[in-house]
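As you go down the protein sequences, you meet chains A and B in turn. Residues 1 to 284 in this note's numbering are what the first sequence spells out, letter by letter. Residues 1001 to 1580 in this note's numbering are what the second sequence spells out, letter by letter.
FYI, nobody ran anything at the bench for these hints, they're computed from the structure. Just so you know, not all the hints are guaranteed correct.
[What the hints assert, rightly or not] Pairs of lysine-lysine residues, derived as BS3-like cross-links and limited to a Cα-Cα distance of at most 30 Å, are as follows:
{"hint": "1", "chain 1": "A", "residue 1": "Lys262", "chain 2": "A", "residue 2": "Lys182"}
{"hint": "2", "chain 1": "B", "residue 1": "Lys1455", "chain 2": "A", "residue 2": "Lys12"}
{"hint": "3", "chain 1": "B", "residue 1": "Lys1245", "chain 2": "A", "residue 2": "Lys272"}
{"hint": "4", "chain 1": "B", "residue 1": "Lys1398", "chain 2": "A", "residue 2": "Lys12"}
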Amino acid sequence: MATEKDFTSTYKPTWCPGCGNYGIYPATKRALAELGIKPHEAVMVFGIGCSSNGANCYKLYSFHSIHGRSLPVAIGVKLANHELTVLADSGDGDGYSEGTNHFVHACRGNADITYLVHDNRMYSLTQGQTSPTSLKGTKTVTTPAGSINEPFNPVATALVSGATFVAQGFSGDIPHLADLIKKAIQHRGFSLVNILQVCTTYNKVNTFDWYKQHTYKLDATYNPADFNGALLAATRTDGKLPLGILYQTKRPTYDEQIPQIKVEPLVRQPIKVADLEPAFDSYR
Amino acid sequence: MIQNNFSWKIGGEAGYGILSAGAMFARAMLRAGLYVFDYAEYPSLIRGGHNTFEVSVSDRKVFAPRRPIQVLIALNQDTVNLHTHELAPDAAVLYNTNNASVPGGYYGDGVTVIGVPFEDLALASGAERVARNVVALGATYALLKLPIEGLFAIIELNFTLKKKPQAIIDTNKAAARAGFDFINKNLSKPFNYTAKPLSNPERMIMAGNNAIALGAIKAGCKFLSGYPMTPATSIMNTLAGQAQKHNLVVVQVEDEIAAICAAIGAGYAGVRSMTVTSGGGFDLMTEAWGMAGQIEVPLVVVEAMRTGPSTGMPTWSGQDDLAMLLAASHGEFPRIVMAPGDLEQCYFMTQEAFNLAEKYQTPVMVITDKYLASSHSWIEQSGFKDLPIDRGRVAAEKDLPVGTAYKRYLHTKDGVSPRTLPGTPGGEHIANSDEHDEESFSDETAEERAKMVDKRFRKFDAAAADVPLPVLEGDSNADITIIGWGSTRGAILEAIEQLKSHRIRANYLQIKYISPFPVEYVKSVFKKAKKIAVVENNKTGQLAAWIREQTGLAPDYKILKYDGRPFFSDEITSTIKNLL
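With the rest of the complex left out, here is chain A:
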């Protein structure tokens, strides 16, 4: 069985000291290893941002795409070869600003992809601008008077868009996060793991302590099969952020509803010389 080390490339991460990515990276590798997935069986599609620079650090089929587009690339990979374990990995700017359209439609389509979003509420690679998940009033170099927009709510958006697995984790709790990612990968269908994360360099508001104060773990009394309960947990007005699986349900995945790939993945179907005679006849 592969270990965490087998998913580790020779490239050393370049994140800042104390970056939340140092929690997400091992949690993801641990989840893959513990599920018995081999490096060559996994594809991780990254967007652009600090988190996506992690594309270099994983030893698997890594795909460093462009800003906001990790999901559509991942869906193309999955439809071509649905036997692969496919993850998309983005940040909050990448996934919830540039890539929001793809995110909403991926929830609707329910392709069997696990979507990990590193949500540090800040554009950090571009040196500290407000992000879609920044709290209203966040002062940055581009919003010196404070940001005007209300923060985007990823978990609530996923729920109302039809996602079949919605979870929220914290970069500071690796065992808990690894467990969430494992369950997300095991889930058949689109799974979102929104990962609350510190940015020690640019986000001086949502610090490690801030998250400790504002998060709580969903306990055994919480029923993740209850959609209305999930919506309530996702939209609490007291500023408390739930950690755990908010919602999980079963629905046929996008890929399993395409008859052409019911049996054999597209990539393994031999290219036969197509018989076009019947098609030609229809034009006579």
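Dock chain B against chain A, hints included.
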């Protein structure tokens, strides 16, 4: 009396079944053993506006719509008013007396003008008012002295394909009969044009988009992700209709960016994949287009041009996007850009596109336009040539080095590095849009950057040596050489024939592969030619500019048209006649 050579045109507002009647007539003439070429003009509307459909019919090969028009069916007043200048002096105009009028003396003396109550006749025969278009087909048959049975067969075929009940078929036949009888009763003198069915040689009739879709299936394309945009959409429709039979997956996604990204993902995972769009859609795709170049993923994109910029004229034709497509996306990377000019080329070059994309692991652009994409033409099946499939260099587990790391971006002589598909043990790497080293790790050192750019461009040099050279068609000692690209082919070929009767010898160079460009070949053509005219459907002469950039040479003339309409052969003929 002229037999089996005429152009027919029907016009009315959207919702009048103009496209449907035109398609039925074109197919009927095809089955009558004649050569047909059709051309439709319509606004971006579902109801209202002005739609026309013309069918050029001949017992000799026809490559483009022919003007003047010999038969005009005017189902509304606009059709009466707008097309007078297109008519032959001895044309016939059948106009809809329920809806339009023609003042006395409006047309020349030679024109046969018959008012036909198309809608009354439709209703009287038990059909709906909308069957006015079928009444018009019946009237056409009587005018041209065609036996009505051929029309009945097409009505059967058309409405059966649309899964209409027998009662609809019967009332439409009655409507056709009503139009047929009306003209037989009211045609006072014989019309100068007739048609006579020949034996049916089983030719096909289709549009460029159909030929591209069939070529894609033949090439083993397994994946298309797209977002509807006129005039590219019917490629997607055609492939979706064939998807289950040929085990290919067609997905409509949320936008053009997702369309190209999913196609890139599928191509990376190892299936032949494509996306199709028009100019505005491709604008959205351009960043990912460059990504495909940088990470070296095979990708085929079809861009069916319409007039721009912005919304422009969405249902009209033009060749305005060449310069954009030759440069689209930031940065420099090898791209292959090709432009088929007719159905045979659409079918064959689509297969070439898939081979080249995989051989050189780089994006390939197939350019068409609304005119080529959606005009239907006759085609012999023997004209569709098949190309053996070449999947390029894909490394399996057994091909990978032992004891050392697999180098995804290995510096090879021709720049092509064997790629591994996800799922291959030991072939893990980063498909890296960041600049990278051979092992695919991000690397921004000056030396690696330059080496990797050179590697990618070695593929371009290899492709340049691989793509077929253009062919100078026609008289090698011509008075003038016409250079064109894409859909102007048919009109140019017809113009060359017309010029012969004016004692002008013209030959023709179609640039099918625009990038890589056949520099030396084109230089040699310039050297030998007496005069050179570049023909393009744009304002600025984008191919002429590209030729100049590639060869330093400029043509003597640029013949340009940018009004949303394709070239008609007589326009090229008269322009060249005046130039020489």
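| said: Hint by hint, where does the structure go against what was stated? Just the numbers, ascending. | reply: Structure breaks no hint.
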